[in-house]
Amino acid sequence: MPWNVTLRRRSYVNWRETGIGYLYILPALAVILIFHFLPIFYAFYISLFNWRIKQGPFIGLANYETAIMNPDFWGSIKVTIFYAAGIIPATLALSFLIAYALFQRIRGRNLYRMMYFLPFVTATVAAALVWRWIFHSQYGILNFVLGKLGVPAQGWLLEPRGILELAFGALGVALPDWAAGPSLALVSIIIFTIWRDLGFGVVVMLAGLSNISSEVYDAARVDGAGEWTLLRNITIPLLSPTLFFLVIVSTIEAFQSFNPIYIMTDPNWGGPLNTTLNATMYIFQNFFQFTKLGYASAVAFVLFFIVLGLTILQIRVLGRRVHYN
Amino acid sequence: MRRESVATRPVAFPAERRRRRLALPSIPARLLLHLSLLGGAILLLFPFYWMVTTSLKTPEEASLFPPTMWPASWRIENYVTAWNLAPFGRYFINTVFVACMQTLGVLTTSALAAYAFTRINFAGKNLVFVGLLGTMMIPFEVTLVPNFIILKHLHWYNSFLALIVPWTASVFAIFLLRQFFRSIPRDLYDAAEMDGCGRLAFLWRIALPLSKPALITIGLFSFLGAWNALLWPLIVTGDEEMRMLQVGLSAFQSEAQTQYHLWMAAATFTMAPVIAIYFVAQRYFIEGVSASGIKG
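Sequence order for the protein chains is A and B. Counting from 1, position 232 in the first sequence corresponds to residue 232 in the working numbering; the numbering is continuous, with no gaps. Counting from 1, position 273 in the second sequence corresponds to residue 598 in the working numbering; the numbering is continuous, with no gaps.
For reference, chain A alone in the conformation it holds in the complex (with noise of 0.2 Å):
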């Protein structure tokens, strides 16, 4: 039937068509755009003023200026660095191996993902406040299990001093600032984390691994290789798309991280000693507490950059070795 192949579609625009197809995806691209896109540039002109409660001087980049002088700033993006790299690899490494192990043909692997699985569900807020519970320096369980095993009692969420400093100096170490490490406030908040994430890798990570066609395996294994080679050479290359995604996705989420600070030093948000005091908990701060709209603006764009170029090298990098079957 020639006269109907010979109707190419898709070179004209079609007005009909283009108008009711806005008209479909209008309810939400509304509420994307006023929401959470358009919100980016009325960011950007916020943070170029001194704006308090109400709007005041047009006062150009000074806000950007201030927050790259101020110590504070510095610091936040510190911990949130910290607070990222004591996450991600940690999260990562502990949920492939649970994934692997559930990968296993064994039973009951259903219920294993459903119990791995539920802390991800669960409330922060609720959950945190549980933990708060178990860290707490004079009743809390964590010290009591600590202390059957000889360790002396720790002030977990109420310590400002690095981890590295408190272990060198258990044995008699003095280090220096530079050195001391993230706090154990932080590295407790951390600890918090990796239990709430965990599920959520273990989750993703089994559908990767299920993903892998079971020829490539058969292949391998009829030439010889054994268990680790396989592991080393098909399992790991071919689930690399998903550990990337999960990189990619825990880095934003890292770097965003607000509730579990929030509730585990309240009422002394990023305490003690602003050792947990993360770039979003210092976004916050400024915001809520002492209410510079404007600063609080220009912070939140630098972060914004940040977090941008942080997952564009992370493409570049990490992407590269990514494997597409």
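Everything labelled a hint here was simulated from the structure, so no lab data went into it. The beta-carbon is built from N, C-alpha and C at its ideal position, and this holds for glycine as well. Errors might be hidden in some of the hints.
To be verified - Covered stretches of chain A (in silico footprint by chain B; criterion: 3 or more residues with CB under 8 Å from a CB of chain B, positions within the stretch not fixed):
id, segment
1, 164-177
2, 252-264
3, 294-300
4, 305-313
To be verified - Which chain A residues face chain B? A few, computed with CB under 8 Å, are given here:
id, residue
5, Gly21
6, Val31
7, Ile32
8, Ala123
9, Leu129
10, Leu146
11, Trp228
12, Trp269
13, Leu273
With chain A's structure known, arrange chain B on it following the hints.
Only chain B this time, still in chain A's reference frame:
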């Protein structure tokens, strides 16, 4: 791609494939696997156990050191005390209302949008779709201050509109639903059109019923997101009677002071509905997350 689905059966999740498994491990290896997996699970679930047992203790027993692993007596009245210490009833009503409205909104807007992205050829379609996916990369905190000011200008501050409207659309939901709509055979659409079935009728009577798993997943995630939200409701509302559950629970820390057994009771009853939903519908949660990972 996968077109084997029969028209009358719901379309399966893309992630839901025949699973391929490694060779059956030897008995000692299996034992070791179970032992470590079980150990991990116990460690991971211990906080839940600790929460419930602490919530049943007397104040004196809760602050015993060394702590007791099992409550000496079950004080159910801790729950009543905690419930009455703050307007939790109000918080629950607010949260259920907001969560339902958000869910309804997300389902409506994403059904319409996903339909347009699969079935309507409009100019700029791909560009708009990629742009929408790009907005998922925007960190939440950048839009916080401007949204606060926008909502003040709209006189929406401290209202349900502020809590609901900005969260009635979701790029992830559109994306997931589009995946489902794409796997509906074209013939079905053509046949329906031939019978004089309009676009909305097709969407309502054929596409949506076939996409039930995706709709349930989207609904659950949307509901859960509203239930667990903290930062947004904290910023766009001020009055106690407008508080959402998580905001109320975090304020409860200062209201109950150091009565940790009451903290744990409140944590338990705010968590309970979510855990109940999870146990009933866990496969939708897990499949939704799996799909996000594979496609992302």
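Going down the list of hints, with the structure as the test:
Judged by the Cβ-Cβ criterion of 8 Å, the segment 164-177 of chain A is not covered by chain B as claimed, because only 0 of its residues qualify and three are needed. Coverage of a stretch by a chain is defined here by at least three residues with a beta carbon nearer than 8 Å to that chain's beta carbons; for the segment 252-264 of chain A and chain B the count is 7, and the condition holds. Counting residues of the segment 294-300 of chain A whose beta carbon lies closer than 8 Å to any beta carbon of chain B gives 3, which reaches the threshold of three, so the coverage claim holds. Counting residues of the segment 305-313 of chain A whose beta-carbon sits less than 8 Å from any beta-carbon of chain B gives 3, enough to reach three: the coverage restraint holds.
Satisfaction of the interface hint for Gly21/A is found here, the shortest Cβ-Cβ separation to chain B being roughly 3 Å, below the 8 Å cut-off. The closest approach between the C-beta of Val31/A and any C-beta of chain B is roughly 4 Å, which is under the 8 Å cut-off, so the hint is satisfied. The interface hint given for Ile32/A is met, as the beta carbon of that residue sits about 5 Å from the closest beta carbon of chain B, less than 8 Å. For Ala123/A, the interface hint holds, since its Cβ comes within 8 Å of a Cβ in chain B; the closest pair sits about 4 Å apart.
The criterion of a C-beta within 8 Å of any C-beta in chain B is met by Leu129/A, whose closest approach is roughly 5 Å, and the hint holds. Given hint, Leu146/A at the interface with chain B, is violated; its Cβ is 12 Å from that chain's nearest Cβ, farther than 8 Å. Taken as an interface hint, Trp228/A does not check out: its beta carbon lies about 13 Å from the nearest beta carbon of chain B, beyond 8 Å. Hint status for Trp269/A relative to chain B: violated, with the closest Cβ pair at about 11 Å, above 8 Å.
Because the smallest distance between the Cβ of Leu273/A and any Cβ of chain B comes to about 20 Å, over 8 Å, the interface hint for this residue is violated.
Consistency with the previously given hints fails for numbers 1, 10, 11, 12, 13, ordered from lowest to highest.
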